[in-house]
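These protein sequences, in sequence, are chains A, B, C and D.
Residue numbers for the first sequence, in numbering that gives the first Met the number 0: 0 to 325.
Residue numbers for the second sequence, in numbering that gives the first Met the number 0: 0 to 325.
Residue numbers for the third sequence, in numbering that gives the first Met the number 0: 0 to 389.
Residue numbers for the fourth sequence, in numbering that gives the first Met the number 0: 0 to 389.
Note that these hints are calculated values from the structure, not bench results.
The model shown is predicted, which means the values in this text are computed figures rather than measured ones.
Treat the hints with care, as some may be off.
Just so you have them, the derived chain A footprint on chain B, three or more residues with Cβ under 8 Å [what the hints assert, rightly or not]:
#	segment
1	91-99
2	114-124
3	294-300
4	312-321
In this text, a Cβ means the ideal position worked out from N, Cα and C, and glycines have one as well.
One-letter residues, chain by chain:
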Amino acid sequence: MAAEKMALAKAITESLRTSLEQDSKVLVMGEDVGKLGGVFRVTDGLQKDFGEDRVIDTPLAESGIVGTAIGLALRGYRPVVEIQFDGFVFPAYDQIVTQLAKMHARALGKIKLPVVIRIPYGGGIGAVEHHSESPEALFAHVAGLKCVSPSNASDAYWMMQQSIASDDPVIFFEPKRRYWDKGEVDKTAIPGPLHKARVAREGSDLTVVAYGPMVKTCMEAAAAAAEEGRSLEVIDLRSMSPIDFDTVQASVEKTGRLVVVHEAPVFYGSGAEIAARITERCFYHLEAPVLRVGGYHAPYPPARLEEEYLPGLDRILDSVDRALAY
Amino acid sequence: MAAEKMALAKAITESLRTSLEQDSKVLVMGEDVGKLGGVFRVTDGLQKDFGEDRVIDTPLAESGIVGTAIGLALRGYRPVVEIQFDGFVFPAYDQIVTQLAKMHARALGKIKLPVVIRIPYGGGIGAVEHHSESPEALFAHVAGLKCVSPSNASDAYWMMQQSIASDDPVIFFEPKRRYWDKGEVDKTAIPGPLHKARVAREGSDLTVVAYGPMVKTCMEAAAAAAEEGRSLEVIDLRSMSPIDFDTVQASVEKTGRLVVVHEAPVFYGSGAEIAARITERCFYHLEAPVLRVGGYHAPYPPARLEEEYLPGLDRILDSVDRALAY
Amino acid sequence: MTVESTAARSKQPRRSSSKRTSSPKKKAAAKKPAGDPGLVQLLTPEGERVEHPDYAIDLTADELRGLYRDMVLTRAFDAEGVTLQRQGELGLWPSLLGQEAAQVGSARAMRDDDYAFPTYREHGVAWVRGVPPENLLGMFRGVNNGGWDPNSNNFHLYTIVIGSQALHATGYAMGITKDGADSSVIAYFGDGASSQGDVAESFTFAAVYNAPVVFFCQNNQWAISEPTEKQSRVPLYRRADGFGFPGVRVDGNDVLACLAVTRAALEHTRSGQGPMLVEAYTYRMGAHTTSDDPTRYREDEERKGWEAKDPILRLRTYLENEGLADEDFFASLEEESTALGKRVREAIRTMENPDEMAMFENIYADGHALVDEERAAYAAYQASFAEEGN
Amino acid sequence: MTVESTAARSKQPRRSSSKRTSSPKKKAAAKKPAGDPGLVQLLTPEGERVEHPDYAIDLTADELRGLYRDMVLTRAFDAEGVTLQRQGELGLWPSLLGQEAAQVGSARAMRDDDYAFPTYREHGVAWVRGVPPENLLGMFRGVNNGGWDPNSNNFHLYTIVIGSQALHATGYAMGITKDGADSSVIAYFGDGASSQGDVAESFTFAAVYNAPVVFFCQNNQWAISEPTEKQSRVPLYRRADGFGFPGVRVDGNDVLACLAVTRAALEHTRSGQGPMLVEAYTYRMGAHTTSDDPTRYREDEERKGWEAKDPILRLRTYLENEGLADEDFFASLEEESTALGKRVREAIRTMENPDEMAMFENIYADGHALVDEERAAYAAYQASFAEEGN
Ligand SMILES: Cc1ncc(C[n+]2csc(CCOP(=O)(O)OP(=O)(O)O)c2C)c(N)n1
Ligand SMILES: Cc1ncc(C[n+]2csc(CCOP(=O)(O)OP(=O)(O)O)c2C)c(N)n1
Ligand SMILES: [Mg+2]
Ligand SMILES: [Mg+2]
């Protein structure tokens, strides 16, 4: 058994390394990804080993990074782009939404754009403004993009390689506050499909759906709930577009109750889509409305308030209680 | 009674004219808004009457337009910005999301940014790519912005002035395919609040919620349903952020059924938010899950397919039937 | 390459052709351009050959007639586009009228292995690259959003969001460098586009990575209703200098100058010196698109002034004066034009609407569960009408 | 204006002060700068006054001491920022170490009615504008995202999204023109920021509208780990030329030159000639921020080379050599620095966390139903703990 324990960030590094090794068309590009190895050191050592030609420090211009990545993909490359922080993806939004997402359709399939956009996202690290946001709904709404987020090292390792192997553009949301969390990675395993949800904990009273950084929090909530005699099933969604509704549906048909948890603001967030669709699919099974726990309709607050802003154990359990009270 | 019949586009022109007259700080700016009067002639004649200093043809750069509008607002102006078509707002997305939406909060309220961004949106006009999109969910998700859309000339007239008067940034979505639809505008009336929904047609069997261009389609659907003996209540939402959930709730408590209709893709669309929240508010009143009718998870299709892509009478009535069948 | 292109594009610049038209005698007679010294011109509006110290060109009669033919046929099918729009066959048509020399000249400077990234008005470039005109018209008819295979002619899809393609071109050029190839790229854009941040960023990337890309800006004086002064207070070719690469302004209505300058620019990029900017100074003779009404914002006088500088006329005068083309040539070209117009017209009129299920195709290369679900639901919904109909 | 600023900012440029320090004799002795002729320098690293044909400056001893004091105090509280971060009082601190002259010099060139749009490192500009240092530190402590009132000192909030503020500055300047005022604006940004589309677009808008804005680029050689060559292959001041306005490179470690050049640039903009670009050639002596580890990407040698060009040192040498400041001055300034550090430290340590309900405030000026709902729900939720606690 080849499993190694490694931090989530390290698992991504290893995954990038493997991809760079296996396919000479894979490129890593972004601000400070070279010598510095990225502000989170996720690309640490890669430029040293693969050269400046494949691990590329770019000018400070996100639209330029994504736009030239598209051009590189048109030339046959598979660029993996790093956006330094969630809040800095917006200058590239036009290129992502109007070009990256739509070019395959515009060309009636004759063009493929295997571009991965890595975005360290989410809060909980005490950062200044624009460094703690969760913009996934703004990408998942857009057809032509796929959006995924690993919650643990093993998924980070495999999902990154699958994203790079995908012929579609993938927005790869990295749960930055979990970068340092260690987990087992078995590099010889055969991974499941990229867009399949995972039942992270089985339970019978209520289903909790989360992805990325919130999975750990929800597992903790489930453990706490168990002590109070409540059996929560936790689903790690893994993919926000497409969403594996089948797995969620199967769970909700069993438990009859659903709470969706994410850091992003609830209003127009992914929880809305999950609630709407699962309610439609499980209308006769639901004993309570789908409840959502997430950020408020407010700019991400200054660091000293983020504990209050972010969904934590208490707020999740409060919603669990409310759902169970129906 | 001072009501005049005028086209929706004309009502906006008149409203802008009135605002320019009443407040010397109001500016109109955008590409081709001057001599040409905009590609839809919405700003027709304004530059002639108010001069190049107040009705400003800008360089072809949307981020620049919104970014300088922010600066002008900081200097005390109230810019009304035109984005030529929905699909061209994305180069400005960063300025809208990271600056326009957040600066009031960043300054702890010491800065106000009364900027209106006019976006002619939606399909049905047989246009080429990027000219028919409905990106409202991408703005409504973002705290700090308000998003509204009139469905008729009178609302267009009043809501524009209210948006300009608002001290918050407002994204004003103009239903371009209804630009030429005429309606009564009473310039002496006292308008209701900007963010209040309107019951456009009373009914008892099922509630239909729509906004902007889809209101007319839903009214037609309600008329058709009435012939089949089904009484639909149609709500014109008018505001996508904030959403007047109270009005929708009251209606659903009465009818027990809800169908939400919009042109934008359903996946992560505004219908999801409405479905999720109304299900929570009206759990015991709903006889059927909230159903959504909207665009598919696809880039807006070429013009020859848009009739199939856009929600029309049949697709709305199909969902009504499905909801009533529960 | 399709049959209608004048000559197969060579793999190398066609510098060594043997039969030359400008004999030494002629050369001696060539005058310096009268106008703006900063404007590269090789053929005056009056059809006189002039020399430019930095840009020599020496073409065979065949090549000259070929350029003429390209421009005439491009103008012909472009006019057909306008007509077809009037007749309701197209939703929209952006005419290139007046810009034939800029497009044909620059495109003829390219090698087969070079790549063109157009905006939405480069019908002349498309023609030279061998893209059948019908293919271009499809998106303006509304049957697709582009849809030709960019790689079959190294001619990318039309890009409507202004300026975006400049970055794609730059990235593509960066890829060429990585491949160790000596191909090059042309990014086409307009005077209006020069204001977009994306264009500036593409200048930065191209300069920093020494990418082999020629930025070819057709300054046709207008961005819809806005004159170029709304985009810049100095000539656009100067923009490049501040990014550290050369810019040059060429008479965009002079096909010889456009060819010579673009050729030199492409060579410059191939030699590893990085990008170059060419500003082709030209004029949009028609409306912005068929939806536009230019009488609202510009004087007819201005247009008339430019008529005298017509790119086709001046080459015709030259060909006639020099005896490089006879009446037969012009007559048969007229027939060819008519035939091309007819061919395009027929192709459009018989162009089928896409199947409605096409909405659900080509959104993802590897599929997407929701698309599958929506496709199935739509098919079932459509089938329900058929059932009801039974 | 707060008391700590050296001198009240005048409503007009202080050109007519009477007591001048450079006597004719001194002037005659002044040398031409030895280095890059394109680099404007008035005070060499060795502390020698040199003349520049285009940029004269003539300051009183008071004013010179004032500039010195500004730089020293800025450096002092900046160092305090680093210390406070190490001690866990701040989450982050971006030190301006090495850039004091660029910031103090440019800011001292401004009038009260001018407006500064900083990025996130302009502590020296803030100081001169009279913003209390504690206010700057709040956002790095995480108690707010800025939060000072920009209009009380005409000093806008720090902007973290690189390049955005250049457009705000330009729009603000456009408003000044509309108002018929003769104020001006400075947009501060870095070498890295020069690559952002927003900065290019601000150049375009400012040029086209003749907006009174000085683009002040502090080229501190690094954008985090990337040297300036990753952003441009030519000096950044040249960027302006391609947009049709002048650019100049100034020794960014020479406070006199920064003052003189910025003053001239501001005058240029006031005269209705539109924008100007100033590139202050300087060096970021410290880490990018306290989170950064520069040993990973640059040699200590480089830093050492720049130590010899220290902006404070050279002015001190000059003051001493010219007898313009005595030991008392330096001693009391040291005390003042210590006191300022202490004041900032205490202010930070006693800075209260915001009330949690502040999350729901100031999102909208006119309110928003959902915010009200969420605020109420949160309050009820919080109250439920209190109840349970009972
Ligand atoms: C980002 C964006 N904004 C606005 C438009 C609408 N629009 C289409 S063409 C055009 C003018 C383009 O002018 P120019 O770049 O000079 O090209 P030309 O049409 O003259 O060839 C505008 C504003 C667009 N297509 N994309
Ligand atoms: C749009 C955007 N992208 C990335 C970042 C992350 N970032 C913060 S500072 C910085 C480097 C800025 O360099 P420069 O403009 O030279 O300013 P300096 O820090 O040297 O003062 C980067 C990449 C950001 N803040 N905004
Ligand atoms: Mg143009
Ligand atoms: Mg820097």
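Hints and how they fare:
1. Residue count for the segment 91-99 of chain B with a Cβ under 8 Å from a Cβ of chain A: 4. That meets the three needed, and the coverage hint holds.
2. Look at the segment 114-124 of chain B against chain A: 0 of its residues bring a Cβ nearer than 8 Å to a Cβ of that chain, fewer than three, so the hint is violated.
3. With 4 residues having a beta carbon nearer than 8 Å to a beta carbon of chain A, the segment 294-300 of chain B meets the requirement of three or more and the stated coverage holds.
4. Look at the segment 312-321 of chain B against chain A: 0 of its residues bring a Cβ nearer than 8 Å to a Cβ of that chain, fewer than three, so the hint is violated.
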